[in-house]
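J.: Make the full structure from the sequences, and use the hints.
Now for the letters of each chain:
2 protein chains.
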Amino acid sequence: MEMGSDEKVGLMSGRFVWVKGLFAKLVEVANKTRALGKDDPRRVIHSLKLGLTLTIVSMLYYYKPLFANFGVSAMWAVITVVVVFEFSVGATLGKGLNRAFATLFAGALGAGAHHLAALSGHVGQPIITSIFVFLLACILTFMRFFPSIKAKYDYGMMIGILTFSFVSISGVGDDEILLLLQKRVSTIFLGVCVCVVISIFISPFWAGQDLHNRIALNIENLALFFEGYGSVEYFKTLQDREAKDDKSIQAYKSILKSSGIEDTLYNFARWEPGHGCFQFRHPWKQYLKIGALTYQCAFRIDALHRNLSSSSFQVSQEIQTQIQEPCMEMSMETGKALRQLVSSIREMTQPTLAEIHTNNSKAAAKKLKASLKSSRLWENCDLLTLIPAANVGTLLVDVVDITEKIAEAVQELASLAHFKAAKPADSAIQSEKEKLEPNIGVSFVTIPISSG
Amino acid sequence: MEMGSDEKVGLMSGRFVWVKGLFAKLVEVANKTRALGKDDPRRVIHSLKLGLTLTIVSMLYYYKPLFANFGVSAMWAVITVVVVFEFSVGATLGKGLNRAFATLFAGALGAGAHHLAALSGHVGQPIITSIFVFLLACILTFMRFFPSIKAKYDYGMMIGILTFSFVSISGVGDDEILLLLQKRVSTIFLGVCVCVVISIFISPFWAGQDLHNRIALNIENLALFFEGYGSVEYFKTLQDREAKDDKSIQAYKSILKSSGIEDTLYNFARWEPGHGCFQFRHPWKQYLKIGALTYQCAFRIDALHRNLSSSSFQVSQEIQTQIQEPCMEMSMETGKALRQLVSSIREMTQPTLAEIHTNNSKAAAKKLKASLKSSRLWENCDLLTLIPAANVGTLLVDVVDITEKIAEAVQELASLAHFKAAKPADSAIQSEKEKLEPNIGVSFVTIPISSG
Chain A
1 MEMGSDEKVG LMSGRFVWVK GLFAKLVEVA NKTRALGKDD PRRVIHSLKL
51 GLTLTIVSML YYYKPLFANF GVSAMWAVIT VVVVFEFSVG ATLGKGLNRA
101 FATLFAGALG AGAHHLAALS GHVGQPIITS IFVFLLACIL TFMRFFPSIK
151 AKYDYGMMIG ILTFSFVSIS GVGDDEILLL LQKRVSTIFL GVCVCVVISI
201 FISPFWAGQD LHNRIALNIE NLALFFEGYG SVEYFKTLQD REAKDDKSIQ
251 AYKSILKSSG IEDTLYNFAR WEPGHGCFQF RHPWKQYLKI GALTYQCAFR
301 IDALHRNLSS SSFQVSQEIQ TQIQEPCMEM SMETGKALRQ LVSSIREMTQ
351 PTLAEIHTNN SKAAAKKLKA SLKSSRLWEN CDLLTLIPAA NVGTLLVDVV
401 DITEKIAEAV QELASLAHFK AAKPADSAIQ SEKEKLEPNI GVSFVTIPIS
451 SG
Chain B
1 MEMGSDEKVG LMSGRFVWVK GLFAKLVEVA NKTRALGKDD PRRVIHSLKL
51 GLTLTIVSML YYYKPLFANF GVSAMWAVIT VVVVFEFSVG ATLGKGLNRA
101 FATLFAGALG AGAHHLAALS GHVGQPIITS IFVFLLACIL TFMRFFPSIK
151 AKYDYGMMIG ILTFSFVSIS GVGDDEILLL LQKRVSTIFL GVCVCVVISI
201 FISPFWAGQD LHNRIALNIE NLALFFEGYG SVEYFKTLQD REAKDDKSIQ
251 AYKSILKSSG IEDTLYNFAR WEPGHGCFQF RHPWKQYLKI GALTYQCAFR
301 IDALHRNLSS SSFQVSQEIQ TQIQEPCMEM SMETGKALRQ LVSSIREMTQ
351 PTLAEIHTNN SKAAAKKLKA SLKSSRLWEN CDLLTLIPAA NVGTLLVDVV
401 DITEKIAEAV QELASLAHFK AAKPADSAIQ SEKEKLEPNI GVSFVTIPIS
451 SG
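Going line by line, the protein sequences match chains A and B.
Numbering follows the working numbering, in which position 300 of the first sequence is assigned residue number 300; successive positions increment by one, without gaps.
Numbering follows the working numbering, in which position 53 of the second sequence is assigned residue number 53; successive positions increment by one, without gaps.
No lab work stands behind these hints, which were simulated from the structure alone.
Treat the hints with caution; some may be incorrect.
[Unchecked claim] In the SDA-like style, the derived pairs of lysine to any residue whose C-alpha atoms are separated by at most 25 angstroms in a straight line are:
id, chain 1, residue 1, chain 2, residue 2
1, B, K152, A, S258
2, B, K257, B, A35
3, A, K152, B, P41
T.: The structure is reproduced here in structure tokens:
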């Protein structure tokens with residue numbers, strides 16, 4: 001059957017469409033890959049590191065003297081690398097230690113169980129072994145539900161069940177079983193060691209450092225929002241605000257999106273040895289406390305932003321002039337206090353200057369409260385138009401409270417982790433700078449502040 | 001050296017203290033275990049199921065005809081059970097299918113690589129194989145960073161690297177490698193099959209059912225809060241409110257705490273076949289949408305609650321009488337609307353009655369707005385004392401908006417999942433009930449409602 005020319009062209013173009021579709025898909029995947037690598041180049045490095053580790057360990061397999069010793073068990077080292085090598089040092093260490101020690105203990109237990117079961121003869125052995133396996137599997141599986149065990153030893157529990165079954169079931173003699181166990185434990189230790197060494201010594205990614213940076217970044221994101229707020233005039237129309245504040249809005253929203261990551265990083269950081277500026281027993285838990293506070297702060301900023309961008313938010317000129325100044329001042333000072341905290345965390349120095357700005361913003365909050373109380377403000381205007389503005393004010397006061405708590409938590413971290421004192425030169429420059437800047441808040445420092 | 005009598009007693013009591021401490025610790029662990037089992041008895045059943053599956057598969061090891069066929073590879077079936085058997089059917093299926101198919105494809109690829117490398121002779125083989133392993137490990141590890149792959153195929157990628165290395169490195173001939181591959185694939189398929197069968201046919205825990213129940217429970221928790229709010233008089237002193245509302249506060253806080261679980265359940269539910277009232281392609285994604293809305297609602301309730309329990313919240317008698325009625329009405333009606341949605345989800349029927357209550361609460365919101373606008377309210381009172389009350393009002397109005405969105409999302413779910421029409425008998429009873437109840441909101445149904 002011959003095809004007409006038209007049909008041929010149709011089929012050809014049909015084929016081309018298919019090829020074109022495939023090509024477009026490939027380009028899309030390539031773009032996504034590039035974006036993923038560009039977003040965090042450490043991903044590429046991690047992939048290369050895993051490839052390298054796996055190649056090194058598989059080379060051992062070809063190295064005869066070692067292979068002769070381990071035999072087929074050398075494969076366990078390869079498997080160990082694939083399952084243990086994780087992104088951060090902490091995760092790799094945690095999984096590696098879990099795997100190594102669970103194999104050791106459960107293997108010994110399994111050998112014991114095997115010996116006991118073998119005593120009961122050929123008929124009894126499978127039954128006794130099955131009972132042992134059933135009991136151990138039930139107990140360890142249930143233990144995985146304990147939150148404290150789940151956080152640190154979940155993988156170890158699984159490997160425990162696995163190794164116990166593996167050793168106790170294996171239909172070999174008592175002598176052989178010890179040899180099997182020895183091979184398994186030593187290959188797994190070897191695999192874990194190579195993973196840990198490569199993870200630590202070739203471009204290490206520390207979960208602790210990540211946690212530290214993330215907390216600083218979150219506080220910086222809050223600072224960005226307040227600075228954007230303080231510089232832009234407060235009660236502008238919605239369109240203007242949206243355009244100008246877009247960056248600062250993205251900033252605080254990223255905090256709300258990324259909650260939960262801190263907990264994961266904390267669980268990994270606990271496994272890590274001392275590195276860089278961090279001691280072995282660095283107070284990682286304090287970071288979770290600060291993280292929770294920044295989250296709460298972002299939470300309230302979201303409410304504030306919703307209030308400002310709602311269509312009902314329209315404020316008369318009179319209110320504007322009354323409320324604007326203290327609001328801007330509060331924002332500016334809060335932003336400055338947060339900036340100080342960020343640089344204190346980043347440089348690991350005592351946050352000495354933050355307190356001044358916190359006090360300034362508290363003074364501004366007091367002024368705002370006074371403005372709201374003065375009857376002059378709410379004469380001759382509709383309550384419904386007044387409420388949103390007042391609302392914004394009270395929300396801001398609320399936010400200032402949380403900023404103070406964040407400052408306290410950072411202070412606590414600084415003393416727990418023995419941050420060094422701020423360089424006198426730096427603070428001198430800072431105070432010089434403050435004198436030069438037209439800082440409306442400074443005059444409030446001497447005003448007595450009421451707490452709460 | 002002899003000990004004095006006092007020293008002996010001291011040592012004895014020291015020992016007893018140690019024993020006592022151990023005993024206290026044991027009792028504590030036992031109590032925790034009991035609490036964990038009581039909290040969700042499915043945990044105990046899951047542990048027993050895993051023990052049973054593992055025992056069944058390890059029995060196969062002792063069953064000579066099968067063992068003769070598989071040899072030592074039978075151990076892979078045991079290992080598969082330990083790593084694949086998860087709590088829910090969806091998680092087990094997802095992990096099992098990932099493991100089985102990744103082993104199949106990567107194994108075939110590994111055999112091909114092994115064949116190619118063998119062509120280059122004894123010296124070239126290790127080098128060529130290492131290059132293959134390095135490349136595949138790098139590519140698959142990087143692919144694990146793609147969010148879409150991470151959600152569904154993360155485990156498969158890891159098993160892919162593992163099997164490819166395992167097969168391509170193994171220092172055996174081409175014939176043997178096919179046998180090895182065949183054994184590995186068949187034992188792993190066997191393990192996965194036993195896991196899936198036990199997971200589905202013995203007391204199955206469906207992630208989809210869990211997700212369905214959780215969404216219904218979350219909406220019920222919101223309803224609880226509003227009912228507690230509607231029945232208790234609104235502007236009572238803090239102490240009274242704390243005591244009475246404790247349950248309803250716990251309820252909405254549990255929503256804020258459990259965010260993120262829905263995403264996990266959704267990822268598992270996608271793997272599950274049709275079960276119970278759920279078809280294979282049940283619109284699970286819609287549950288995430290409803291979940292996000294309930295989360296937002298709980299978010300705002302939290303702000304509302306913070307406002308009410310703050311020390312500055314004191315309201316004059318006059319405001320109370322003005323605002324109280326519409327606020328209570330809004331809460332009551334919102335609570336009723338949410339209850340309707342809950343029973344609609346639980347019974348998988350169309351939520352026909354919810355709309356009436358939503359409209360009622362919108363009418364009440366309008367009334368509240370009118371109250372706030374009337375100048376009579378804010379004459380002769382301090383603005384600062386008025387703001388918190390007005391704030392509570394506006395927050396409530398905000399919450400009513402979200403409730404409406406939740407109702408729409410549930411309606412959408414009902415049409416996507418083809419929920420059956422509500423039983424006429426039920427709705428008749430319901431409307432009877434409504435006639436009997438002193439429902440202050442019903443009269444508002446006919447009032448024209450402004451949207452937004």
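J.: Does B/A35 sit within 25 angstroms of B/K257, going by the straight-line distance between their CA atoms?
T.: holds, 20 angstroms
J.: Keeping to a limit of 25 angstroms between CA atoms, is the pair of B/K152 and A/S258 held or broken?
T.: holds, 21 angstroms
J.: Holds or violated: are the alpha carbons of A/K152 and B/P41 at most 25 angstroms from each other?
T.: Given pair A/K152, B/P41 holds - Cα atoms ~23 angstroms apart, limit 25 angstroms.
Hint violations for this structure: none, all hints satisfied.
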